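Protein chains in written order, with numbering that gives the first Met the number 0: chain A, 0 to 269; chain B, 0 to 304.
Quick caveat, the hints were computed from the structure, so don't treat them as lab data. These figures come from a predicted structure and were not determined experimentally. The beta carbon of each residue, even a glycine, is placed where N, CA and C say it ideally should be. Mixed in with the good hints there might be a few duds.
[Stated by the list, open to error] The calculated DSSO-like cross-link candidates involving lysine-lysine, where the alpha carbons are at most 30 Å apart (straight line), are: (1) B:215 to B:87; (2) A:104 to B:215; (3) A:14 to B:215; (4) A:14 to B:120; (5) B:301 to B:215; (6) B:169 to B:301.
[What the hints assert, rightly or not] Coverage of chain A stretches by chain B, computed from C-beta distances (three or more under 8 Å per stretch; other residues unrestricted): (7) 59-71; (8) 119-129.
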Amino acid sequence: MSEAPLFKPRFNAAKPAFGLLVFLLYLFLLAPLLIVFVVSFASNQYLSFPPEGFTLKWYGMLPEESTFMNGMRVSVIVAVVVTIVVLALGVPAALALDRYQFKAKAAVQSFFLSPLLIPSIVLALGMVLLFGPLKLTNTYAGIIIGHVAITIPFVIRTTLMSLTTTDTSCEAAARILGANSWTVFRRVTLPIIQPGVIAGGVIAFIVSFDEAVISLFVAESGLPTLPVQVLRYVENSADAAVAALSVILILISLAVVVVVERVMGLRKAL
Amino acid sequence: MTMLQARGRSALRPAETGELERATAKRNRRTYLALLIPGLLGLLVSFVFPLAYMVRMSFNRGAPDGVIEETFTFDTYLQPLTDPYYWKVTLDTFQMGLTVGVLCILVSYPVALFLARSRSKYRSLLLAIAIAPLLTSAVVRTYGWMVILGTNGLVNSSLTGLGVIHTPLKLTNNMTGVTIGLVEIFMPYAILAMISGFGRLSPQLEEAAGSLGASKLNVFTRVTLPLSLPGILTAFLLVFVLSISTFITPRLLGGGSVQVLATEIYDQTTGLLNWPFAAALSVILLVLFGLIIAVYQRLTRKIGG
Numbered sequence: 000m001s002e003a004p005l006f007k008p009r010f011n012a013a014k015p016a017f018g019l020l021v022f023l024l025y026l027f028l029l030a031p032l033l034i035v036f037v038v039s040f041a042s043n044q045y046l047s048f049p050p051e052g053f054t055l056k057w058y059g060m061l062p063e064e065s066t067f068m069n070g071m072r073v074s075v076i077v078a079v080v081v082t083i084v085v086l087a088l089g090v091p092a093a094l095a096l097d098r099y100q101f102k103a104k105a106a107v108q109s110f111f112l113s114p115l116l117i118p119s120i121v122l123a124l125g126m127v128l129l130f131g132p133l134k135l136t137n138t139y140a141g142i143i144i145g146h147v148a149i150t151i152p153f154v155i156r157t158t159l160m161s162l163t164t165t166d167t168s169c170e171a172a173a174r175i176l177g178a179n180s181w182t183v184f185r186r187v188t189l190p191i192i193q194p195g196v197i198a199g200g201v202i203a204f205i206v207s208f209d210e211a212v213i214s215l216f217v218a219e220s221g222l223p224t225l226p227v228q229v230l231r232y233v234e235n236s237a238d239a240a241v242a243a244l245s246v247i248l249i250l251i252s253l254a255v256v257v258v259v260e261r262v263m264g265l266r267k268a269l
Numbered sequence: 000m001t002m003l004q005a006r007g008r009s010a011l012r013p014a015e016t017g018e019l020e021r022a023t024a025k026r027n028r029r030t031y032l033a034l035l036i037p038g039l040l041g042l043l044v045s046f047v048f049p050l051a052y053m054v055r056m057s058f059n060r061g062a063p064d065g066v067i068e069e070t071f072t073f074d075t076y077l078q079p080l081t082d083p084y085y086w087k088v089t090l091d092t093f094q095m096g097l098t099v100g101v102l103c104i105l106v107s108y109p110v111a112l113f114l115a116r117s118r119s120k121y122r123s124l125l126l127a128i129a130i131a132p133l134l135t136s137a138v139v140r141t142y143g144w145m146v147i148l149g150t151n152g153l154v155n156s157s158l159t160g161l162g163v164i165h166t167p168l169k170l171t172n173n174m175t176g177v178t179i180g181l182v183e184i185f186m187p188y189a190i191l192a193m194i195s196g197f198g199r200l201s202p203q204l205e206e207a208a209g210s211l212g213a214s215k216l217n218v219f220t221r222v223t224l225p226l227s228l229p230g231i232l233t234a235f236l237l238v239f240v241l242s243i244s245t246f247i248t249p250r251l252l253g254g255g256s257v258q259v260l261a262t263e264i265y266d267q268t269t270g271l272l273n274w275p276f277a278a279a280l281s282v283i284l285l286v287l288f289g290l291i292i293a294v295y296q297r298l299t300r301k302i303g304g
């Protein structure tokens, strides 16, 4: 505003107090991540505070810790395949939900989002019960099928978000000019909704990578993922090797957050 | 939250009912079916079948060593409904959900209000920081709380170092620790849900009330708070529902001495191999879920949100 204010506001103590409150709440929210960061560099033999010195030994331990390395490999393979599968299933479904009219549309859309409403422990139990007799427990196929249910809602939502906010006239124009449906999708629609598809894929990757409960039930004894290994380590050991691993995981997540924020805006994507 | 949001969005969307559109839709019937079927099959296999199988399993009879007797009985439900221990576990689960829900709203509301009103150029960065923890594993964040709240953790060393206390407080392996951890872990969800629910909340209304002579407190209690009520309610429901079904945090921060429905389900499967009973507990948890969501929907209709 270029004009001078008519009334000079009095000093208002509520404003800085509110600011301080918000700052403290942010500190509370970030506390576990900050502490993990500090502890991962502390030379204390056992988990305790304050740090006695600076060390990188916990990071040095990671490559030798074969449980972590195996868990990391399983988690990466699962997350990559889950992302591909879920995009292949979810993006076409979102396209159908947005671009076509049909009777059961609202019901179908709710169905695609409904895994978000089911507690993952309940779903995990159902999976282990069903997959056991089918010999799918402790297999990659089992974990991947398990993760599809919980990641599909995210892909549907981000893709739908992109679809609803785009103008359909470009597609109509391409069709009138003689492009068939596949060409329209590949050369017009897909480039337009790309941010939503990327955001959905990235979130599916992260959700799958961080998922612990379903993996714990479906694959605990034979093919534990990284979160399952971390869970076990935390239950049994008192050193800071997990802190170093956690910092690496947090940094990976942080990088992903930046990517999603750049391509789509985090709030829309979640 | 997520589901409710999505529903609202589709409802807002005007139906395209032009003649041309309708003709196109008819012609493309086969196309959309082809587009939907892979996704529907995927959910059928990974979501519907497991749940249906679990519900069926809850009517079987469990024998020691994981043997399952194929039958159709309500015995599995009788035990949790008659044994006081399971009543206590269910009530503890409920109470934990309520406590975490209320506390989480209290700590998230100022942040959500700040983010909703802020016109700072750092607003989107601050929002990203507030919800970024969502994208880090619950295991990692729970581990962080174990370090903070443990016997030799940050809180106890600071307090003993300052001479405030002499014996360390017991903040882990009990409900206190679980509650603190869960409040923080669900904060980003609550913040997101509240911001989305703050639809009608605009700074102009607050300014108007202020310039008409309302005190700060009056502006808050009579303008800001009522307008943000739908957001608060959605966030509360979400946090409540998430906390009563969570497993990792009660398991790690509870250290075996906190039993809620989720940890009980896990123990029944891995420890006792009583699959039908675990399935029955899961169905009970699902029914609780349904009840809560039904109550919530009645409430929101009353408020007119």
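For each hint, the structure was consulted:
For a cut-off of 30 Å, the pair hint linking residue 215 of chain B to residue 87 of chain B is broken: about 44 Å separates their Cα positions. This hinted pair does not check out: residue 104 of chain A and residue 215 of chain B have alpha carbons roughly 47 Å apart, beyond 30 Å. With a CA separation close to 11 Å, the supplied pair residue 14 of chain A and residue 215 of chain B stays within the 30 Å bound. Between the alpha carbons of residue 14 of chain A and residue 120 of chain B the distance comes to roughly 18 Å, so the proposed pair stays at or under 30 Å and holds.
At roughly 28 Å between alpha-carbon atoms, residue 301 of chain B and residue 215 of chain B fall within 30 Å of each other, so this suggested pair holds. The suggested pairing of residue 169 of chain B with residue 301 of chain B is violated, with an alpha-carbon distance near 43 Å, which exceeds 30 Å. A stretch counts as covered by a chain when three or more of its residues have a beta carbon under 8 Å from one of that chain; for the stretch 59-71 of chain A and chain B the count is 0, and the coverage is violated. Here the stretch 119-129 of chain A counts 10 residues with a CB under 8 Å from a CB of chain B, which clears the bar of 3, and the coverage holds.
Of the numbered hints stated above, those contradicted by the structure are hints 1, 2, 6 and 7, listed in ascending order.
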